[in-house]
Amino acid sequence: MNIKPFYRDTWAEINLSAIEENVSNMKKHIGDRVELMAVVKANAYGHGDAEVAEAALSAGASCLAVAILDEAISLRKRGLAAPILVLGAVPPEYVEIAAEYDVTLTGYSVEWIQEAARHIKETPVHFHLKVDTGMNRLGVKTEEEVQNVMKILERNPGLLCKGVFTHFATADEKDRSYFLMQFERFKELIAPLPWKQLMVHCANSAAGLRLKKGFFNAVRFGVGMYGLRPSAEITNEIPFRLHQAFTLNSTLTHVKKIHKGESVSYGATYTAEKDQWIGTVPVGYADGWLRKLQGTEVLINGKRLKIAGRICMDQFMVELDKEYPPGSRVTLIGRQKDDCITVDEIASRLETINYEVTCTISSRVPRMFLKNGSIMEVRNPLLQENASK
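Position 224, counted from 1, in the sequence shown is what UniProt numbering calls 224; the numbers after and before it change by one each time, with no gaps.
Simulated from the structure, these hints should not be mistaken for laboratory data. It is possible that some hints are incorrect.
Using 27 Å as the maximum straight-line C-alpha spacing, the simulated BS3-like pairs for lysine-lysine come out as follows [claimed, not checked]:
(1) Lys-41 / Lys-77
(2) Lys-27 / Lys-303
(3) Lys-256 / Lys-196
(4) Lys-257 / Lys-213
(5) Lys-303 / Lys-292
(6) Lys-174 / Lys-162
(7) Lys-212 / Lys-260
(8) Lys-337 / Lys-322
(9) Lys-257 / Lys-292
(10) Lys-28 / Lys-260
(11) Lys-141 / Lys-77
(12) Lys-213 / Lys-260
(13) Lys-77 / Lys-174
(14) Lys-257 / Lys-196
(15) Lys-28 / Lys-41
(16) Lys-174 / Lys-196
(17) Lys-141 / Lys-213
(18) Lys-257 / Lys-27
(19) Lys-256 / Lys-213
(20) Lys-187 / Lys-212
(21) Lys-213 / Lys-274
(22) Lys-274 / Lys-256
(23) Lys-151 / Lys-77
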């Protein structure tokens with residue numbers, strides 16, 4: 001029996017050409033001697049990890065980064081052979097699993113490195129040392145801890161340090177003082193290490209875009225790879241145009257005329273002030289279109305029209321300016337004609353950051369991957385179906 005990729009009228013489009021252009025432009029910015037690490041954690045910020053990874057690698061990325069070991073193993077099982085670094089904490093008892101899948105881990109404390117060494121059997125375990133310069137999340141903080149790590153490595157030849165890194169807390173803010181303090185602290189802490197033999201990376205998207213030098217030999221490219229600004233504050237410092245890769249579409253499933261005084265949706269929070277056309281759209285908070293977006297605009301036929309009433313779990317209603325036929329496209333994020341609703345606009349409505357918006361769109365929304373305007377693949381985890389064209 002043939003199974004379609006999806007049966008609902010709601011989907012996200014991921015523009016792989018935009019991903020490739022963002023990566024290519026970043027590579028030009030940082031130079032050929034600096035490696036670009038494509039960050040594809042959290043299902044590539046909700047875009048689709050394997051597909052984005054392949055696009056990034058084809059455009060010049062040399063390695064990948066994820067947050068948890070399961071994400072790395074998933075990429076391996078989908079055929080990705082590039083080096084993968086797990087940025088988050090992996091319990092040391094799983095180091096052999098990481099070695100089996102040729103995945104590099106993060107060593108974030110003296111205790112973790114000691115315990116990891118105890119679990120090594122035959123296959124060497126690769127890791128990058130995380131240095132905490134002021135984020136206070138993961139990492140060794142003192143010169144003494146760095147020296148202790150070096151002593152453990154001397155006694156355990158199966159535990160191989162291949163890199164060292166830190167993470168900036170304020171690289172996306174106009175005030176650079178804390179960022180520069182962290183940068184100087186990083187240089188102090190890595191001084192005893194043979195860091196010229198290691199992959200050294202401190203710059204995330206914000207720092208990588210803003211800096212003209214000081215990248216060491218690798219940069220982690222996360223949010224910028226998806227065409228999203230690290231923050232509005234540094235917009236004028238971004239050296240090239242970022243191309244947004246994420247579009248969210250649906251359709252009108254039902255259109256009806258209601259009379260003045262009639263209400264719409266739960267709680268009757270919307271009451272028509274005149275006879276009014278209302279359209280139903282099959283997207284809800286279970287898809288990541290949160291209740292707080294009540295009153296937000298969507299695009300229909302290039303016009304901005306407001307959501308009417310509360311957003312339901314699986315549907316919401318929209319206030320129409322006229323009768324539209326069922327099946328008319330509704331764009332929640334993306335362009336129609338001369339207008340565009342950006343991820344940043346939705347983030348502003350939600351009083352959050354753009355990262356959270358794309359990550360929130362749930363896996364029950366199928367992802368359609370486009371390249372040069374053509375559909376390359378559709379991924380729908382609900383049907384465990386990857387359909388290639």
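Taking the hints in turn, this is what the structure says about them:
no.: 1; hint: Lys-41 / Lys-77; verdict: 16 Å, holds
no.: 2; hint: Lys-27 / Lys-303; verdict: 37 Å, violated
no.: 3; hint: Lys-256 / Lys-196; verdict: 68 Å, violated
no.: 4; hint: Lys-257 / Lys-213; verdict: 60 Å, violated
no.: 5; hint: Lys-303 / Lys-292; verdict: 22 Å, holds
no.: 6; hint: Lys-174 / Lys-162; verdict: 33 Å, violated
no.: 7; hint: Lys-212 / Lys-260; verdict: 60 Å, violated
no.: 8; hint: Lys-337 / Lys-322; verdict: 18 Å, holds
no.: 9; hint: Lys-257 / Lys-292; verdict: 25 Å, holds
no.: 10; hint: Lys-28 / Lys-260; verdict: 58 Å, violated
no.: 11; hint: Lys-141 / Lys-77; verdict: 35 Å, violated
no.: 12; hint: Lys-213 / Lys-260; verdict: 63 Å, violated
no.: 13; hint: Lys-77 / Lys-174; verdict: 41 Å, violated
no.: 14; hint: Lys-257 / Lys-196; verdict: 70 Å, violated
no.: 15; hint: Lys-28 / Lys-41; verdict: 24 Å, holds
no.: 16; hint: Lys-174 / Lys-196; verdict: 31 Å, violated
no.: 17; hint: Lys-141 / Lys-213; verdict: 25 Å, holds
no.: 18; hint: Lys-257 / Lys-27; verdict: 53 Å, violated
no.: 19; hint: Lys-256 / Lys-213; verdict: 59 Å, violated
no.: 20; hint: Lys-187 / Lys-212; verdict: 17 Å, holds
no.: 21; hint: Lys-213 / Lys-274; verdict: 61 Å, violated
no.: 22; hint: Lys-274 / Lys-256; verdict: 14 Å, holds
no.: 23; hint: Lys-151 / Lys-77; verdict: 35 Å, violated
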